[in-house]
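Assemble the dimeric complex from its two separately framed chains, guided by the hints.
So the sequence lines, in the order shown, correspond to chains A and B.
In case it helps, my numbering puts the first sequence at residues 24 to 353.
In case it helps, my numbering puts the second sequence at residues 2 to 246.
Calculated directly from the structure, the hints in this document are not laboratory data.
Do not rely on the hints blindly, as some may be mistaken.
To be verified - Pairs of lysine to any residue residues, derived as SDA-like cross-links and limited to a Cα-Cα distance of at most 25 Å, are as follows:
#, chain 1, residue 1, chain 2, residue 2
1, B, 86, B, 16
2, B, 79, A, 237
3, B, 24, B, 68
4, B, 86, B, 64
5, B, 79, A, 215
6, B, 86, B, 23
7, B, 86, A, 225
8, A, 147, B, 126
9, B, 86, A, 241
10, B, 86, B, 10
11, B, 79, A, 225
12, B, 24, A, 146
13, A, 147, A, 215
14, B, 79, B, 23
15, A, 147, A, 242
16, A, 147, B, 79
17, A, 147, B, 21
18, B, 79, A, 139
19, B, 79, A, 235
20, B, 79, A, 144
21, B, 79, B, 34
As the list claims (entries may be wrong) - Interface residues of chain A toward chain B, partial, derived using beta-carbon atoms under 8 Å:
#, residue
22, 70
23, 198
24, 213
25, 214
26, 217
27, 218
28, 220
29, 221
30, 224
31, 227
32, 234
As the list claims (entries may be wrong) - Here are some chain B residues pointing at chain A (derived, C-beta under 10 Å):
#, residue
33, 60
34, 63
35, 83
36, 86
37, 89
38, 97
39, 99
40, 110
Cβ coordinates follow ideal geometry from the N, Cα and C atoms, glycine included.
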Amino acid sequence: MSLSARRRPAVDEETKRPRWRGVVSPGMAVAIPVLVFLVAVHVYSNELLLVDMAIYIALAQGINIIYGFTGYLPFGYFGFFGVGAYVAGYGIVHLGLSGPLAALLGGLGGVVVGAVMLPLFRLKGAYFALTTLAVGEALYAIVSNPSLTSVTNGPYGLNLAAVYSSGWSFGMAVGLAAISILAVVLIKNSRYGMTLRAIRDDPYSASMAGINVARDRFYAWLIAAAIAGVGGAIYGWAISVFYPQDVFDVTVSVFAIVFALFGGIGTIWGPTLGAAVLYAVYNVVGVSNPQYFQLIYGLVIVLLVLFAPRGLAGIARYLHEHRPFVRSST
Amino acid sequence: MTVNSQIRTPLLQIADLVTRFGKFRALDGVSVEVGESQAIGLVGPNGSGKTTLVNTVCGLYPSASGSIHFAGTNLTGKRADIIAKAGINRTFQISKPFASLTVRENVEVAAHHARHPRDVDEVLEQTDLASHSRASASNLTAAQQKRLDLARALVMSPRLLFIDELAAGLTPNELQDVAAMLRNLVNDGVSLVVVEHLMGFLEQVVDGVYVLTAGQVIFRGPLRDALADDRVQEVFLGRNDSARS
Chain A
24 MSLSARRRPA
34 VDEETKRPRW
44 RGVVSPGMAV
54 AIPVLVFLVA
64 VHVYSNELLL
74 VDMAIYIALA
84 QGINIIYGFT
94 GYLPFGYFGF
104 FGVGAYVAGY
114 GIVHLGLSGP
124 LAALLGGLGG
134 VVVGAVMLPL
144 FRLKGAYFAL
154 TTLAVGEALY
164 AIVSNPSLTS
174 VTNGPYGLNL
184 AAVYSSGWSF
194 GMAVGLAAIS
204 ILAVVLIKNS
214 RYGMTLRAIR
224 DDPYSASMAG
234 INVARDRFYA
244 WLIAAAIAGV
254 GGAIYGWAIS
264 VFYPQDVFDV
274 TVSVFAIVFA
284 LFGGIGTIWG
294 PTLGAAVLYA
304 VYNVVGVSNP
314 QYFQLIYGLV
324 IVLLVLFAPR
334 GLAGIARYLH
344 EHRPFVRSST
Chain B
2 MTVNSQIRTP
12 LLQIADLVTR
22 FGKFRALDGV
32 SVEVGESQAI
42 GLVGPNGSGK
52 TTLVNTVCGL
62 YPSASGSIHF
72 AGTNLTGKRA
82 DIIAKAGINR
92 TFQISKPFAS
102 LTVRENVEVA
112 AHHARHPRDV
122 DEVLEQTDLA
132 SHSRASASNL
142 TAAQQKRLDL
152 ARALVMSPRL
162 LFIDELAAGL
172 TPNELQDVAA
182 MLRNLVNDGV
192 SLVVVEHLMG
202 FLEQVVDGVY
212 VLTAGQVIFR
222 GPLRDALADD
232 RVQEVFLGRN
242 DSARS
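If we strip away everything but chain B, and leave its shape as in the complex, we get (with noise of 0.2 Å):
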């Protein structure tokens, strides 16, 4: 079984992307397909250009050449505020909260803009902000700044959602909390692409990987499969023919 084997109609489908930087190819002709209420795992070391893939999706930075569809409407090129209506949101690796504004106001401020907002206080009480909602942003641990980075996503009412690093620092006890929130999220018919080099997390979350090394995608299949498979473990542990022979 394999990732795209699952997917009938895409609700996103990347093909053939290229970022460069420069003359630094940070992503490499990069296609990547998301169902509807799917999860999939972006996994790869440093440097493989899973932040990239996000950033280039989410409007950060243009691509040189290749598509980005969601839904049947092309996003290639297009604004971040244009793709955050179209369903599309993001959380981010290093959190990015609106300092100066309380956690409340940060999250009001995102669903002053949607389109199709949910109820902030709701939104607040499901990633357990509620109690800290008339504190400044800036006065969150880094953990909860995380938390509101989705906030903000999931009061726009996203169908799809990338999910950076989100378990990053945090405890088991976190870990189980949070991985038990992605997948109500996906049974609640939101779609997650999750960055994460957690795997025992993403084994919680999500129901396939795509592996990423230098800008390229070297697998796509089960978590499983892709821990077995030996282009994977060359990537990861640096094995190679002539140090097994």
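So that you can see chain A by itself, here it is in the shape it has in the complex (with noise of 0.2 Å):
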């Protein structure tokens, strides 16, 4: 058989597309937002508001995972958030742990939280929702117990001052962003992003398909959370001082679920654009002016319900689709 016989053709059977395209663009999705940080962070000065941003990309590919691809909403989010940046600053400042490793650290807290809360799955939609709010105001309100003062600290947060390092909570930000948004680009090409879309769809269904449900969303949950305990860890690293309000806020969970469906839950690229756009109107428009910034996002959730449940994704699928010239394939 000669070499070119043996060739796979470059059109995709199934999709009709070229093959480059099922590496290259995936590929592109990890490898842009990397490079427009490693060119913001010298084009811009306000380095901590690049981190945030690179966090909130992670915090929105996370809920990506566990919403988008298994259909279940946590607005408790930020739970796993606040014990990643704890149980790294207790790391740096009791184990004397280096910030990376701490980091990791974090997230292993949060895989530890999101493992005690498997018995919520029992629950449903808004049930599902409310509760892993009300178990994320929780932690905050054990954290910030004032008689828990010589374990948390109590109200009086940490100071992670001494270990401070601004490349490297950058690095590991950016890192974190590239490594989660990857997680979403293997699991969606992935047999198991079949089966967890397959049990977002209709999880009865899927277990008369031989998958074992519970199982298999428990995986997902457990990234989900793992990305946001390394968030906060990373988070809390970057501003070095911080309070239990301060990573146990519902507003990290309102951002993170705000952005993907802004974005377009379910996709590759949908919570990276829904973060990087939301965020940056957040900055221009939200800290100086508060109230302009809650109308404008206040009429972005409408307008999106209401006109691109899909999001920014849907709305490019759509331009795709309905382009004026489209070349025909015979």
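And the structure:
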């Protein structure tokens, strides 16, 4: 058999798309945001804003994994974020860990809390969303409790200024964003992603297809929890001094969810774009004029629900499918 | 001749099964046996417990008491995925496709999790869905979605299939095709439990029937005998002694 005879056709038989797009496009979904951050840090002076944006991209992708692929919306996602910040802070202050190691420990903290929350998957829809919110608030109440000051430092927060490193925390934040996007790319293009989408569409029907629904959904939950845990750890490290209300903040959940929905849930690019665009808007308008920001956010959400329920990714797909000059495949 | 008299070693043995919704006993001591390569029908008026029986055996509803044995294994209270991997599968009264997946992906995902998966293309051909393999499952007609339920079950090489009102809404020609397909499954060694209201269709497919009413089996035997049975007629036609006299 000649070499040319063994070569695979350049066009995928199923999708009719060039095969290179199947490899290059997911790769670009990771590479482009990383390159943008690496350039931005040299031309934009507010590095902490870039760290926050990278962390929100990661959190939006975490929401994408648990909500976009399994249909479970966790309002209490900030609980993992806060636990990650505190576990990492504890590792730095009491165990003398370096920032990167502490960040990994923060991710582990998120995973442990996620595992403890497993029974919540008996609930569905709004009941699940609100119960996770209650768990997040409960974690805040425990950590900020003055009577636990000897353990958590109570309402006085943690001071990590001794290990502050702007370069490392920036690099870790961008790395976390890249890993989160990569996780979504791998899930979406794998049998596991197909399994998760089957679970989201109909859990019982998925069970009759031989899927261990509880186990596979739990794995997605733990991945999302780990992302939020590491994100909280890097955030705490980057701002150096934080209090319980800074990291156990429901706004973290709301932002991550809105960013993911705005960009397009269940897609690779959507949450990244959503977080980048809306967090930029928040910093341009929201910090100086919060009343206008809330108005803009409210309008964006209303317009999104009414006209683009699949977010920016849905709009892009619609425009692509309805572009005026489409090359004929024949 | 009764349904049971044909069975030497039952493949599926349901004994005194009780399923409760609160205080209501939707299944009230149901016992059913299905043999290897046997097709039985489950008939009864609406609310008699037919689909509840399927849902309980297939792990959607927990049973309050009783037992379910399949091929010598106790499956009482087991998870649906374990039951599916053990060799029991089903179609749905209201079809449940994975709407975000294509037709082929719907079948592939089941094949991937099956213990003994069949060839996906072969199953798509068998269920007449090969030409729709790249279509989104949500774009299929209701009848095609029911066939997709069947394809997803068949790709897992089941030994016993519950067919829940697969014939509803089909044209007479389609009914003939589906009946032939189900008989072929039986000939290939698959046992069937067919939940159906269309007696003409059942007559072509099943070897015998169980008649349920109010969560209890009131008749088991050949379909022809069931149609002549006083209790069955009373359940279906509302006939009673006072009306006759």
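Cross-check of the supplied hints:
1. For the given pair, residue 86(B) sits about 22 Å from residue 16(B) by alpha-carbon distance, which is consistent with the 25 Å threshold.
2. Restraint check: the Cα-Cα separation between residue 79(B) and residue 237(A) comes to about 14 Å, which is no more than 25 Å; the hinted pair holds.
3. A threshold of 25 Å between alpha carbons decides the hint, and for residue 24(B) with residue 68(B) the separation of about 20 Å falls inside it, so the pair holds.
4. For a cut-off of 25 Å, the pair hint linking residue 86(B) to residue 64(B) stands: about 20 Å separates their Cα positions.
5. Proposed proximity of residue 79(B) and residue 215(A) is supported: the alpha carbons are some 23 Å apart, at most 25 Å.
6. Using a Cα cut-off of 25 Å, the hinted pair residue 86(B) and residue 23(B) is violated, with the two alpha carbons roughly 30 Å apart.
7. Distance restraint check for residue 86(B) and residue 225(A): the Cα-Cα separation of roughly 18 Å lies within the 25 Å cut-off, and the hinted pair is therefore satisfied.
8. A hinted pair counts as satisfied when its Cα atoms are at most 25 Å apart, and residue 147(A) with residue 126(B) does not qualify at roughly 37 Å.
9. In summary, the hint linking residue 86(B) to residue 241(A) is supported, as the alpha carbons are separated by about 20 Å, within the 25 Å threshold.
10. Restraint check: the Cα-Cα separation between residue 86(B) and residue 10(B) comes to about 21 Å, which is no more than 25 Å; the hinted pair holds.
11. Pair hint residue 79(B) plus residue 225(A) holds up; C-alpha atoms about 19 Å apart against a cutoff of 25 Å.
12. The hinted pair formed by residue 24(B) and residue 146(A) meets the criterion: a straight-line CA distance of about 23 Å does not exceed 25 Å.
13. Using a Cα cut-off of 25 Å, the hinted pair residue 147(A) and residue 215(A) holds, with the two alpha carbons roughly 21 Å apart.
14. Proposed proximity of residue 79(B) and residue 23(B) is supported: the alpha carbons are some 21 Å apart, at most 25 Å.
15. Taking the CA atoms of residue 147(A) and residue 242(A), the gap is about 17 Å. The hint holds against a cut of 25 Å.
16. Restraint check for residue 147(A) and residue 79(B): the C-alpha separation of about 21 Å stays at or below 25 Å, so the hint holds.
17. A C-alpha spacing of about 22 Å is found between residue 147(A) and residue 21(B), which places the hinted pair at or below 25 Å, so the restraint holds.
18. Using a Cα cut-off of 25 Å, the hinted pair residue 79(B) and residue 139(A) holds, with the two alpha carbons roughly 24 Å apart.
19. A C-alpha spacing of about 12 Å is found between residue 79(B) and residue 235(A), which places the hinted pair at or below 25 Å, so the restraint holds.
20. Taking the CA atoms of residue 79(B) and residue 144(A), the gap is about 18 Å. The hint holds against a cut of 25 Å.
21. Of the supplied pair hints, the one linking residue 79(B) and residue 34(B) holds, its CA atoms being roughly 19 Å apart against a limit of 25 Å.
22. The beta carbon of residue 70(A) is not positioned within 8 Å of any beta carbon in chain B (closest approach about 39 Å), and the interface hint is therefore violated.
23. Among the interface hints, the one on residue 198(A) is violated; its C-beta lies about 31 Å from the nearest C-beta in chain B, farther than the 8 Å criterion.
24. Taken as an interface hint, residue 213(A) does not check out: its beta carbon lies about 11 Å from the nearest beta carbon of chain B, beyond 8 Å.
25. Annotation: residue 214(A) was flagged as interfacial toward chain B, and the flag holds, the nearest CB pair being 5 Å apart, inside 8 Å.
26. Taking 8 Å as the C-beta contact cut-off toward chain B, the hint placing residue 217(A) at the interface holds, the least distance being around 5 Å.
27. About 6 Å separates the beta-carbon of residue 218(A) from the nearest beta-carbon of chain B, less than 8 Å, and the hint is met.
28. Because the beta carbon of residue 220(A) sits about 5 Å from the nearest beta carbon in chain B, less than 8 Å, this interface hint is met.
29. Nearest Cβ of chain B to the Cβ of residue 221(A): about 4 Å, under the 8 Å cut. The hint holds.
30. Of the supplied interface hints, the one on residue 224(A) holds, with its beta-carbon coming within about 4 Å of a beta-carbon of chain B, less than 8 Å.
31. The restraint placing residue 227(A) at the interface with chain B holds, with a minimum CB-CB distance near 6 Å, inside the 8 Å limit.
32. Using the Cβ-Cβ criterion of 8 Å, the hint placing residue 234(A) at the interface with chain B is satisfied: the shortest such distance is roughly 5 Å.
33. Contact between residue 60(B) and chain A, as hinted, is supported at the beta carbon level, the nearest pair being about 7 Å apart and thus within 10 Å.
34. Because the smallest distance between the Cβ of residue 63(B) and any Cβ of chain A comes to about 13 Å, over 10 Å, the interface hint for this residue is violated.
35. Using the Cβ-Cβ criterion of 10 Å, the hint placing residue 83(B) at the interface with chain A is satisfied: the shortest such distance is roughly 9 Å.
36. With its C-beta approaching chain A no nearer than about 5 Å, residue 86(B) sits inside the 10 Å limit, and its interface hint holds.
37. With 10 Å as the threshold, the beta carbon of residue 89(B) comes within range of chain A, its nearest partner Cβ sitting at about 9 Å, so the hint holds.
38. At about 4 Å, the closest approach between the beta carbon of residue 97(B) and any beta carbon in chain A falls short of 10 Å, and the interface hint on this residue holds.
39. With 10 Å as the threshold, the beta carbon of residue 99(B) comes within range of chain A, its nearest partner Cβ sitting at about 4 Å, so the hint holds.
40. The interface hint given for residue 110(B) is met, as the beta carbon of that residue sits about 5 Å from the closest beta carbon of chain A, less than 10 Å.
In terms of the numbered hints stated before, the structure departs from hints 6, 8, 22, 23, 24 and 34, listed from lowest to highest.
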